[in-house]
Amino acid sequence: MTDERSRAADLDRRLSGAGGELRDGAADEHALADLALEVRRALQPPAPRAAFTAAARRRLLNRLPAPPRLVISGAVRRFAFAAISVLLAFTLGTAGVAYAAQEALPGEALYGVKRGLESARWSLTSDPEAQVELLSAMAAERVQEVEALAVSGDDALVEQTLEDYQQTLEQMQSSAAGLPAEARSAALAQAEVQMQQHVIVLERVKAQVPEQAQAAIERALEGSSHSRQVFEQLEQGGSPSDLAPWLDPNKDRGPKRTPGPPESKGRP
Amino acid sequence: MLNEDELIARARRGDREAFADLYQRYLPMIYAYVRARVFSDPDAEDLTEQVFLRAFQSLARYRPRGWPYSAFLYRIARHLVIDHVRRSRREATVEMTGEPAEARPSTDDVLIRQEDGRRLLLALDRLPADYQEVIRLRLLLALPTATAAVWLGRSEGAVRVLLHRALQALRRELGVTHDG
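For the protein sequence lines, the chains are X and G, in the order given. Residue numbers for the first sequence follow the working numbering, beginning at 1 and rising by one. Residue numbers for the second sequence follow the working numbering, beginning at 269 and rising by one.
Just chain G, with the same shape it has in the complex (with noise of 0.2 angstroms):
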């Protein structure tokens, strides 16, 4: 498997399966974030596709500096599903659309879930902004801290400290106190 570099030059040259093997790479982590923050799956796929077009679009002019190409990739879809939430002009945390009706199961199990769910996307959405980011990537894209920090622009030192800040307040706006 070639490393990320070496895909970055032969796609840059043109090498159509470089591009391919790119997309394949970054494919779940850019759209998990998409989706992390849009909740529809049509919309997700919509701008993680808009995603990977302007990279790729801008390639040649791309320049490895020692960072992860995902941190670039991250950037742009960080932007995007900012224009997109002030095009609709709501953060869909109160309504999980991400399933359509007839597909949705109606155990109780399923029902508890989506409950929980709903309760800690509002308590999520209440929480500052680098908070919720931290918790997405650590969280819900599962990213290794050290993938994290670049991705964030700090230290992993300040990841750890962020991602511990984050769920103490996390729990504040759940109502949730510690015993012991």
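Pulled out of the complex, with its shape left as it was, chain X reads as follows (with noise of 0.2 angstroms):
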């Protein structure tokens, strides 16, 4: 542990009140102890007053909308049953390779299934929050693939997810730009938490790989901050136009891809 780690520690336990002696020249974290809790004692913000937390209980409550109330007749419910039996039957040796693939990794035998089964929910979501949400979750997948990639040592796969990965986060810009007003400070909130969480994992992978493959890393966590950036722009009512656009020095700059899912580079 760096020695800027060890005192900041050190700080961290003297503020969390959880004791110990400090080391050998700790003084300096006792006065930036001392300075904390000066700065919480004249800055802590007041609870909320009571009366608004009750009136503001009241008004979110009330603009919440009731749960629907589903009526279905007897004859429907049969035919339902009768219908959801054979579409289980037909649907139950497909369904089992879905599953399967959903854990396969790039140059797997099911990658192209996995990656396949992407593109069809992509295709069947045109609500610009709901692409969002997919391409976050297409997102971390491609992260999570990564991470996977790197403990088998294949360098070339790692490279190539992570690419994958910076055309669906580029995607994911084109999509926040269309969604509504009211619903892009939640929508963009939940896809920067969860970018945040891509950091962590490439920053981790980033420690494990050779020198190659972390400038490939690297390449995607600039592309990473560069898309939190323009959803910070969207969030504040601006345009990505608005930012210079982010060059990744190695792509080559073809023809604009059209929106979708990019396709899958994995061995059939």
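None of these hints come from the bench; they were simulated from the model. Certain hints may be false.
Coverage of chain G stretches by chain X, computed from C-beta distances (three or more under 8 angstroms per stretch; other residues unrestricted) [what the hints assert, rightly or not]: (1) 303-313; (2) 338-351; (3) 394-401; (4) 410-424; (5) 430-439.
Quick reminder that beta carbons are idealized off the backbone N, C-alpha and C, glycines included.
Given two chains presented individually in distinct reference frames, assemble the corresponding complex, making use of the accompanying hints.
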């Protein structure tokens, strides 16, 4: 652990009230902890007013939609049961393949099925909020694949999957630009939280892979940072074009791709 | 007491009591964050209510992925505050407007505390944004390091180092020297 990290850990222990003896030379951390307590005493915000808490609760609950009540007749129920039974018998075979494909990694036999299912879901998704959510899930999946591939040592597939990740982020930016204003902040907030988790995973993977693959991860991290800047811009009422475009120095900037999940590059 | 995922699942099915529980659970921390940014009770109340309204309106699409719901609320709150500050065209760090004048006691101790607070706010305002944010989350909201790390999207070690640097920078801004 570096000296700075050790000192920061000492400070954190004091602030958390964990006690214990500080290391020799930790007098500075005593002073910083005293300053921290002074800041907390002077600037700690007050608790919300009880009247506001109660009134806001009432207003929020009054604005919630009532859960829908669906009334189904006996004949409809019997028909639906029969139809579902037939459908279940037909789909159990293909469902097994789809289930197994969920865990497939690039280069494996079922990876093409996995990406094909993603394409199918994409083609059925027209709502911008649902698109952002779907693309966010796909980006998360690419990051998990990168982490698994890093363990297996296949650097070429790590780099390819990172490119797919960045393409997904670009598509998220396009979909996010089409979000209606009233849905924008919540949808982008969720996407940003998830992207922060991507950064944590990618930083962890970067420490495990050889230098060449580290460069690819660094590019992906820069692309992720740019995407978050685009989302911040959108949340503040701007547009992606207000920011300078982020150009991956290793990418061939050919004709712009039409929206849709990137094609699977895995071997069939 | 239900865990967070169970509450969210119930709320998504339209359980109003689950909504109420989520609100009660997270209101104090979200209000504290907003209030620490805007320094006005009416503004903080309005913005806090907007945070929960937007979060609840999008609950059908929310997917728990292993991080706390508070991180999602924090992101919404942060962006609403940024919008509010931009609209107001000033960072309310110079004026402390949290109390109506007639309710403000006039003892010397209180005046000294208010002056100390003003001095600290001015110094805090001169720090980089990420230093200000870690001081707010760790000190003003008293969030544990683990929670602050999730909210900020950093590792716990990175948050500890960030706070250490932030306090050193604050000390420099205040012109305080360390003896010994």
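Verification of the hints:
By the rule of at least three residues with a Cβ nearer than 8 angstroms to a Cβ of chain X, the coverage given for the stretch 303-313 of chain G holds, with 5 such residues. Closer than 8 angstroms: that is the beta-carbon criterion, and the stretch 338-351 of chain G has 8 residues meeting it against chain X, so the requirement of 3 holds. Coverage of the stretch 394-401 of chain G by chain X is violated in this model, with 0 residues showing a Cβ closer than 8 angstroms to a Cβ of that chain against a need of three. Beta-carbon proximity to chain X at under 8 angstroms applies to 7 residues in the stretch 410-424 of chain G; the threshold of 3 is reached and the given coverage holds.
With 6 residues having a beta carbon nearer than 8 angstroms to a beta carbon of chain X, the stretch 430-439 of chain G meets the requirement of three or more and the stated coverage holds.
Hint 3 from the earlier list is the only one contradicted by this structure; the remaining hints agree with it.
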